[in-house]
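Chemist: Listed below, chain by chain, are the residues.
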Amino acid sequence: MVKKISLVIDELTGCEGCKMSLLELIEPLLDSIMRDEIEIVYAPILLDAESFDHADIALLAGSIRNSEDLEKARWIREKVDILVATGACAYIGGIHGLGNLFTWRDLVSGVFGNVNHEVADEIPSLLEYTKPLWREVNVDYFIPGCPPNPDTIAKVLDGIKRGLKPHEIFEARTVCDECPLKREEKSASKVLRVIDTPVEQSTDRCLLEQGYLCLGPSTLAGCGALCPKKGVPCIGCYGFVVKPGESFDNAIARTIASIGASFKIEPPERIDDEILDTIGTFMKFILPSFFIPRIIK
Amino acid sequence: MAKKHKPIRPLILAYCCNYCGYAGADLAGVSRIEYEPNVVIVRVPCSGRIGPEHIIEALKEGYDGVLVVGCHYGDCHFISGNYVSKRRFTLIKSILTSLGVEEERVRFEHISAAEGRRFAEVVNEMTRKLRELGPSPFVR
Ligand code: SF4
Ligand code: SF4
Ligand code: SF4
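Those protein sequences? They're chains C and A, same order as listed. Just so we're aligned: 106 in the numbering used here is position 100 of the first sequence, and the numbers increase by one with no gaps anywhere. Just so we're aligned: 657 in the numbering used here is position 137 of the second sequence, and the numbers increase by one with no gaps anywhere.
Chain A on its own, in the form it takes in the complex (with noise of 0.2 Å):
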């Protein structure tokens, strides 16, 4: 994160797949949806690719939470690119919430291309519950 201007608090990291939430993203753009701009999205080519070392260093770089958005069940655009990131998120969760990082500031989300005010509403929710729960505790 660029250490040179004081980012914008909360601030979220999003992975969203190329196919759906990262399309869904750009409807809410250019459906001119308004949204909180408290979140920085990184297009990746699937979920699939999103597993638990971008969690950590996302986390560690200082984002107060991070998103993972990729396609409804079924409708991965790789067959199964999903289930796995899926997988490989929960277990990360459940480490993390063992842990004591509060349940919210790591979340995943099944976003279709067609569901540009599901993504606004998902980033509203999330920079919502952030701002309750404070900074990270790994902000240094």
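Pulled out of the complex, with its shape left as it was, chain C reads as follows (with noise of 0.2 Å):
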């Protein structure tokens, strides 16, 4: 008989779409829990388990902004072998990371107003800065997406079943790989948003090459270009590729050298203003991630 897989799934900080696709994903797994080859052993989502002793995998989505996900992704780490750091957040600190542009202060005083920062004792107090797992615990696996894809996440469960290690469950492949856009090799002159200048329903060109601001080229392949086959530039969600070894850094890094340089603007010193919101643009979901992970005063 094969060995009974025992599963774990939560979410610390994030916006709930990631339960929705873990939820998506039980279906399909229901005939082996039938089977009982998987056992869910705790899910505050599916089960009323308030506890458990220990578990194969964990899949941990959200990320670490406050002292009670410190605690709860500390306690999950101590008691599965396999942790998985599901979703943008869990993975490099997801779209809230942004809030990491802010001081902890000033955003509770932008939302709240001029309130006492002092926090009673039984909530959860805000930690400075919004982080991915990696920052605080060991993480074996990740799932990217914000939400993943339900076919990226059964596509990890498979790899992890099969022993592979995290960059063999993915290769090296992007977006861009997966867009049915034509690319012609032209570089735009000047960057379009679709907030002004929306793209032409029926277009076929790559939308890079008209201006937009697609991240493509530089993101995890795995969503099947969702985003470009409707005409919408790539925002990076599945997050860049990292080769292995290497770090977030230079992986941000060689995003902003090849897509943000390849606008052939002049004089070139113009291309920040141009594209507005350089840090939002390259940094949506992977701040957190950065060697500066939030602003420093």
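Mixed in with the good hints, there may be bad ones.
[To be verified] In silico DMTMM-like links for lysine to aspartate or glutamate, alpha-carbon gap of 25 Å or less: (1) C:78 with C:142; (2) C:270 with A:595; (3) C:270 with A:573; (4) C:249 with A:573; (5) C:303 with A:652; (6) C:303 with A:581; (7) A:526 with A:577; (8) C:192 with C:215.
[As the list claims (entries may be wrong)] Covered by chain A, according to a simulated footprint, are these stretches of chain C (three or more residues, beta-carbon under 8 Å): (9) 251-263; (10) 269-282.
[To be verified] Sample of chain C residues at the chain A side, in silico, Cβ under 7 Å: (11) 266; (12) 285; (13) 297; (14) 298; (15) 301; (16) 302; (17) 303.
Because the hints were derived from the structure by calculation, they are not lab data. If you're wondering where the values come from, they're calculated on a predicted model, not measured in any experiment. For every residue, glycine included, the Cβ atom is placed at its ideal position computed from N, Cα and C.
Both chains come to you apart, so use the hints to assemble them.
Modeler: Below you can see the structure in the form of structure tokens.
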């Protein structure tokens, strides 16, 4: 008999989107669950189990934003053999990582006005900044995406089962490799924004070459080029391709160099004004994994 | 950076292109122009070789400032290397300053092979500013 795999599913600070993706996965898993090959031992969205002793695999979504997240991440890490950072938030920090452009005090007073920052004892306190899991605990595997496509989740689970290493699960393919739009090896001479210049409905030309800032050339494949297929530039939710042994910083640097600088803008220093929101464009999901993960003051 | 001896502070890493920036620095040397010793020069074939990764790496290594020196527009030995370099530099500088890194820590200059004096001035000016700012927040 095959050994039963025990599974934990949970989310820290996130938008619940990853949970939806994980729930979608349950259906295809049902068969294996019925056949007693997989057992879900702890998953607050599905079960009322309040704790567990040990599990083989934890699919942990969300990032570490407050003291409760930190405690929980450590608690789960201790009890599982394989921790899988699930979704952009857990893997690289996620979209709310852009909040790291403000100090936590500025964030609180920006939203709630002039309040007393002393937090009541029973409420988890905000940490200084949003962190991906890897900054606090050892992570064994990752599932990219905001939220991850259920196929991507299944692919990683399958890879784990077959004993592959993380970089063996994902080849260094990019969204461009999955994108049906046509490239002509041209570079654009101005930056277009979807909000000002909507993409032509019937277009079959590469969006980047038209001038829209599409991060497809750097972004890890797996979503099936969901966005560019519908005429929306890729914003990099799968994270950038990171070569084995390479740092996130290098992957970010390569993205800026290859995509940002591909625009033939003159004088060259105008590129920053043309892009308008440079940091938000290139680091929408990955800022908390950069070597400066938050504003320094 | 060698950890054995205490480096001079502030310390600037200057990436100089072979045909203009480095030649300019060389001219400063052969003309016996005196300037601050706070700079480590790295000679590169073209400023177009220098991208965000080199600037990030220099800061991570603990340099207080990073200087990229390329040719004047139109003078690049490889035609457009300095344009590419400047675009990449502008973007990474924008990201670094958005995160609170002081403007003066990362600088791009166009210096020709005939401008030895200009090279010395730039190094002096940058050293003075970095001295005011204090050590880089990334010095370990
Ligand atoms: S990765 Fe995206 S979908 Fe998942 S929790 Fe974070 S914001 Fe939500
Ligand atoms: S539209 Fe984007 S993803 Fe598609 S080919 Fe162009 S750059 Fe790549
Ligand atoms: S195209 Fe880009 S932004 Fe859209 S789902 Fe795929 S990786 Fe995410």
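Chemist: Against each hint, give a clear statement of whether it holds in the structure.
Modeler: Do the hints match the structure? See the list:
In summary, the hint linking residue 78 of chain C to residue 142 of chain C is supported, as the alpha carbons are separated by about 11 Å, within the 25 Å threshold. Between the alpha carbons of residue 270 of chain C and residue 595 of chain A the distance comes to roughly 18 Å, so the proposed pair stays at or under 25 Å and holds. Of the supplied pair hints, the one linking residue 270 of chain C and residue 573 of chain A holds, its CA atoms being roughly 21 Å apart against a limit of 25 Å. Annotation: proposed proximity of residue 249 of chain C to residue 573 of chain A holds, straight-line Cα distance about 14 Å (limit 25 Å).
Our distance criterion of 25 Å between C-alpha atoms is met by residue 303 of chain C and residue 652 of chain A, whose separation comes to about 16 Å. Distance restraint check for residue 303 of chain C and residue 581 of chain A: the Cα-Cα separation of roughly 20 Å lies within the 25 Å cut-off, and the hinted pair is therefore satisfied. With a C-alpha separation of about 20 Å, the suggested pair residue 526 of chain A and residue 577 of chain A falls inside the 25 Å cut-off, and the hint holds. This hinted pair checks out: residue 192 of chain C and residue 215 of chain C have alpha carbons roughly 6 Å apart, not beyond 25 Å.
Check result for the segment 251-263 of chain C against chain A: holds, 7 residues qualifying (beta carbon to beta carbon below 8 Å, three or more required). Residues of the segment 269-282 of chain C with a Cβ under 8 Å from some Cβ of chain A number 9, which satisfies the need for three, so the listed coverage holds. Using the Cβ-Cβ criterion of 7 Å, the hint placing residue 266 of chain C at the interface with chain A is satisfied: the shortest such distance is roughly 5 Å. Taken as an interface hint, residue 285 of chain C checks out: its beta carbon lies about 4 Å from the nearest beta carbon of chain A, inside 7 Å.
The beta carbon of residue 297 of chain C is positioned within 7 Å of a beta carbon in chain A (closest approach about 6 Å), and the interface hint is therefore held. About 5 Å separates the beta-carbon of residue 298 of chain C from the nearest beta-carbon of chain A, less than 7 Å, and the hint is met. For residue 301 of chain C, the interface hint holds, the least distance from its beta-carbon to any beta-carbon of chain A being 5 Å, beneath 7 Å. Taking 7 Å as the C-beta contact cut-off toward chain A, the hint placing residue 302 of chain C at the interface holds, the least distance being around 4 Å.
With a cut of 7 Å, the hint placing residue 303 of chain C at the interface with chain A holds, because the nearest CB-to-CB distance is about 6 Å.
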